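**Student:** One-letter residues, chain by chain:
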Amino acid sequence: MRELSLHLLDLAENAVTAGARRVSITVEESPAEDRLTIRVADDGRGLPEEKLRRLEDPFVTTRTTRRVGLGLSLLAAAARRAGGALRVRSAPGEGTEVCAEFRFHHIDRAPLGDVPATIAVLIAGYPTVDFVYRHRIEEREIVLDTRELRAGGEGMDPADPAVADAVARWLRDRLRPPARSKEEDADAQADR
Amino acid sequence: MPKLTVEDLRQIKERTLQATALRHGEARVKITVHMGTCGIAAGARTVMTALMEELAEAGRTDIRVVTSGCMGMCSSEPNVTVEVLGEEPIVYQHMDANRMRQVFRRHILRGEVQTDFALAKM
Numbered sequence: 005m006r007e008l009s010l011h012l013l014d015l016a017e018n019a020v021t022a023g024a025r026r027v028s029i030t031v032e033e034s035p036a037e038d039r040l041t042i043r044v045a046d047d048g049r050g051l052p053e054e055k056l057r058r059l060e061d062p063f064v065t066t067r068t069t070r071r072v073g074l075g076l077s078l079l080a081a082a083a084r085r086a087g088g089a090l091r092v093r094s095a096p097g098e099g100t101e102v103c104a105e106f107r108f109h110h111i112d113r114a115p116l117g118d119v120p121a122t123i124a125v126l127i128a129g130y131p132t133v134d135f136v137y138r139h140r141i142e143e144r145e146i147v148l149d150t151r152e153l154r155a156g157g158e159g160m161d162p163a164d165p166a167v168a169d170a171v172a173r174w175l176r177d178r179l180r181p182p183a184r185s186k187e188e189d190a191d192a193q194a195d196r
Numbered sequence: 598m599p600k601l602t603v604e605d606l607r608q609i610k611e612r613t614l615q616a617t618a619l620r621h622g623e624a625r626v627k628i629t630v631h632m633g634t635c636g637i638a639a640g641a642r643t644v645m646t647a648l649m650e651e652l653a654e655a656g657r658t659d660i661r662v663v664t665s666g667c668m669g670m671c672s673s674e675p676n677v678t679v680e681v682l683g684e685e686p687i688v689y690q691h692m693d694a695n696r697m698r699q700v701f702r703r704h705i706l707r708g709e710v711q712t713d714f715a716l717a718k719m
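Residue numbers (the numbering used here), protein chains in the order written: chain G, 5 to 196; chain U, 598 to 719.
Honestly, the hints are just simulated from the structure, not real lab data. Hints are not guaranteed to be accurate.
[What the hints assert, rightly or not] If the Cβ cut is set under 8 Å, some of the chain G residues that face chain U in the computed set are: (1) Leu10; (2) Trp174; (3) Pro181.
It should be emphasised that the depicted structure is a prediction, and the values quoted were computed from it without experimental measurement. Where a beta carbon is used, it is the ideal one built from N, C-alpha and C, also for glycine.
Can you make the complete structure from the sequences, with help from the hints?
**Tutor:** Here it is, written out as structure tokens:
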């Protein structure tokens with residue numbers, strides 16, 4: 005996968021396949037601490053102990069259509085390549101939480117990519133599932149809860165692609181770094 | 598901390614009201630974008646985004662877009678299945694944003710199956 009946002013989409017797809025009604029997607033960027041964390045937690049059916057132990061094995065899958073499962077093995081490899089690790093917590097009936105940690109400045113860390121596009125595709129593709137997306141960049145944080153969208157936007161249908169598109173644009177606006185003041189610009193110039 | 602405010606909701610709602618009002622008819626067309634790990638890695642998200650844009654623009658009330666997992670044809674991903682009521686489903690292979698737009702405009706809107714990209718009839 006070229007971008008971490010595609011891993012997020014893959015993890016969320018896993019969650020929905022596991023019967024989740026609510027999926028929370030968290031991104032935490034801390035360049036100052038050289039850390040980037042992505043996390044997907046769901047309330048799906050969870051994994052039995054023996055599957056959990058062999059999670060990164062590409063030849064283990066819950067699917068019955070074929071015998072290969074690549075998603076988590078790819079993510080684990082991507083995390084390890086960038087000085088990080090993959091952690092998974094799960095129990096039958098209690099949902100699953102997948103957390104991948106990366107060194108933010110590692111040369112082999114894949115770019116985060118277009119997370120709003122991932123969220124838009126999920127909202128439009130699974131209109132009956134609740135998604136909570138939380139993205140923290142140092143001190144700044146944005147939160148999108150699709151239940152608020154449904155409750156607050158009377159008559160808004162998440163299956164409508166125009167809704168997902170509007171949400172993606174809203175997210176991109178909010179994720180953009182705040183404009184620097186003239187003084188900060190001057191400071192940055194002086195630093196160079 | 599920016600959360601969705603009432604004003605944000607109002608703006609999003611305004612942008613979408615017209616399209617939403619149109620979408621209450623019965624579905625005549627179902628488009629499935631296959632989004633397993635293989636599909637996502639091959640570019641299914643871009644295909645889905647292009648499809649959502651086309652659909653929003655077309656304003657048609659009878660087209661449903663859904664996503665699903667891998668269909669077992671990983672080497673031909675991204676795959677898209679188009680089911681038109683009363684016709685045989687068509688699976689398109691090696692899709693990208695441009696091919697998706699072409700399939701949408703020619704097959705779905707005009708009924709011309711794009712055999713160049715078709716993997717199979719099901």
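**Student:** Could you run down the list of hints and mark each one as holding or not?
**Tutor:** Cross-check of the supplied hints:
1. Contact between Leu10 of chain G and chain U, as hinted, is supported at the beta carbon level, the nearest pair being about 5 Å apart and thus within 8 Å.
2. For Trp174 of chain G, the shortest C-beta to C-beta distance to chain U is roughly 6 Å, which falls under 8 Å, so the interface hint holds.
3. At a threshold of 8 Å, the smallest CB-CB gap from Pro181 of chain G to chain U is about 13 Å, leaving the interface hint violated.
Checked against the numbered hints given earlier, this structure breaks only hint 3.
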